[in-house]
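Protein chains: 2
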Amino acid sequence: MAVNLHIPDESAIFPVAGVDIGVAEAGIRKADRRDLTVFRFEPGTTVAGVFTRNRFRAAPVQVCEENLADPGQGIRALVINTGNANAGTGAPGLAACREVCAELAKLMMLDPRQVLPFSTGVILEPLPVDRIVAGLPHAVADLRPDNWFNAAHGIMTTDTLPKVSSLRVNIDGKVVTVTGVSKGAGMIRPNMATMLGFVATDAGVPRELLAQLTRDIADQSFNRITVDGDTSTNDSFIIAATGQSGVQISGPTHQGFLVLRAALVEIARDLAQKIVRDAEGATKFMTIRVEEAGDSEEALKVAYAVAHSPLVKTAFYASDPNLGRILAAIGYAGIEDLDVDKVNLWLDDEWVARDGGRNPTYREEDGQKVMQKPEILVRIALGRGKAQETVYTCDFSHDYVSINADYRS
Amino acid sequence: MAVNLHIPDESAIFPVAGVDIGVAEAGIRKADRRDLTVFRFEPGTTVAGVFTRNRFRAAPVQVCEENLADPGQGIRALVINTGNANAGTGAPGLAACREVCAELAKLMMLDPRQVLPFSTGVILEPLPVDRIVAGLPHAVADLRPDNWFNAAHGIMTTDTLPKVSSLRVNIDGKVVTVTGVSKGAGMIRPNMATMLGFVATDAGVPRELLAQLTRDIADQSFNRITVDGDTSTNDSFIIAATGQSGVQISGPTHQGFLVLRAALVEIARDLAQKIVRDAEGATKFMTIRVEEAGDSEEALKVAYAVAHSPLVKTAFYASDPNLGRILAAIGYAGIEDLDVDKVNLWLDDEWVARDGGRNPTYREEDGQKVMQKPEILVRIALGRGKAQETVYTCDFSHDYVSINADYRS
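Protein chains in written order, with the working numbering: chain A, 1 to 409; chain B, 1001 to 1409.
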């Protein structure tokens, strides 16, 4: 029951010059399921990534970080399996991950350090290397530019819908494409972990600049969504820039840089929001915007306190404009010197709490009208400064409990 | 559907010499409901309290803190109403609260600053002072020592069962009684907030020592429970020491001090645990014990990360020994330099995760056997030091969502 999750027409998904994608059914956990995806990048592509901060980092996350840190010959391939997260698997897990990279490197005539691995699925179970290795030739044989939809399917676990987004912009008189896929729906069905996002552009971006840009974009997209507050062991977000459009971003002052950056933000944010829209049991999509904060950190504290409160989330599920719960969450967010008399709160355009109390002109029926909508803006002004942050989340329904209380079989 | 919440036999609840309690039906929110409770203490009683850290503090919390800070003539009465939290009500809310104190003071021939007020119920609605004031004479007329059960009923909101606990110990050859009541069941049905705990003893304790003792005991009881992580605007915990037993604790080196302290810890912890046992939708009572932490703060970070994870809580609801979810919560608890290879995890006596991965000798069926129990110990060893903390929580069920998604009518 996804909330306004639009699947674009296949014709609106533009291939990215320099990127081929292959998808296979490797039977990793279940038969007859696309569960193995390979990306191939043309030589000269720069790649950057942002990964989970969970201390239990999955083996593929560790290998990704190693390989990205190695300036060597440059990343040329991604390999993504579902059905097993290869997390909490210790040294054997690392070895299994390296074996997959080595096998793909052999098939593609690369160095294993040119491959980035990603896994998503059950935690604490050994990676079925043999099945993945057996599936790799099929994925490689499938490599082609117009395979983004298949990739979106190939990385799904408990997602109900594929998540893909694409746009074109003009830079230096040339057409530049940005296309990406993502997956994730909470920390997902028992032991199924992971948010993954892969975005590619045919603009060229210097490696260091791309690394900085990727962190920056993550902070406006994948680092601003929350379903249940549970950070997975495998979260990864990758941007690859092939340069095959002929457009080369020379640096942050290049006039095309802001255009590319805006396009990447739009795609990454759309892919991140799609994860929330498809979240387990979600019936409402909520944007929590905190304004007039002293700094970005305290804006985020308040936004996440509201976004994570089970009481707030169940109230939205019930379409109950329950102001007290939102104010209470603001109050316990951890701003020690918060002056509650300066706090204001709006639901969409309804001014519900004014100067820390109920707005005298607010009528409950107006609040309830807003709460009936599938998309709601919760706007909080703290009266402390000029910082602002936005977080995207969803409500908390019976189905969330049902999905997550299902046994893993 | 409370979890092992035992209601003691009335004969096992011992009155506390120097404490009289009166309960009335004031029709504050609903008719025919005990909703107004008054405690009267003999002169010479010392009183201390611990209150919510939520920045949106209810009016009665502010008045409590003022009156407790005033060394004046000493606290002689408590007045507790349900049905309205008097929170988010600004200056009129404070005035309303003071009016209730003044009215009770007049009836009891006290100074208004000798009264501590408590409110629990709907947030952001004006306190119906008239109904409370009209009810006060009835509550005062009801004052008697053997009224603790009535008090436990009188402070209930969405609690399904009254919470009362009592014991007697020997100090200096005399019998000392400790008896208390509590209420709370999550941050409770839409807009119904508040955990309240009131404990009295007929031992005498100097004011400063009692204040310190109350903070200390809160940290072993009411500050170690969590249902949904939502800190209410009204949480209050009070200890009153009447001295009427003839036992006077002279200081922390008095040999009876440790006996009294242990008795107070036992009663406060039992009352706090009763709140979790009666939590909204709870089907399991979980004790999260974190050992081998570097300090108390990081032990609590890990314990609360596990206790608040909706994924962990739904797994317990499903009786699914889902290790990955617990490890993931440990990993994102915020200990930056956590060495996951030193983390061990037990469910009761089953050693499930060893050195950061699955214990090779652990069998899933053994974990599942533990998960079927209504009371489960989750023991986590971090391998960092000697600090230890324990937090009590419950699972997360369909009923939690149902209860909290009910409209407020």
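Simulated from the structure, these hints should not be mistaken for laboratory data. Only a predicted model underlies this, so the values are computations on that prediction, with no experimental measurement involved. Do not rely on the hints blindly, as some may be mistaken.
[To be verified] Stretch by stretch, here's where chain B covers chain A in the computed footprint (C-beta under 8 Å, at least three residues):
id : region
1  : 34 to 40
2  : 81 to 92
3  : 314 to 325
Positions of the beta carbon are idealized from the N, C-alpha and C atoms, including for glycine.
Results for each hint:
For the region 34 to 40 of chain A, the stated coverage by chain B is not satisfied: 0 residues place a CB nearer than 8 Å to a CB of that chain, which falls below the threshold of 3. With a cut-off of 8 Å between beta carbons, the region 81 to 92 of chain A has 5 residues touching chain B; three or more are needed, and the interface restraint holds. Given a C-beta distance limit of less than 8 Å, the hint that chain B covers the region 314 to 325 of chain A holds, as 9 residues qualify and 3 suffice.
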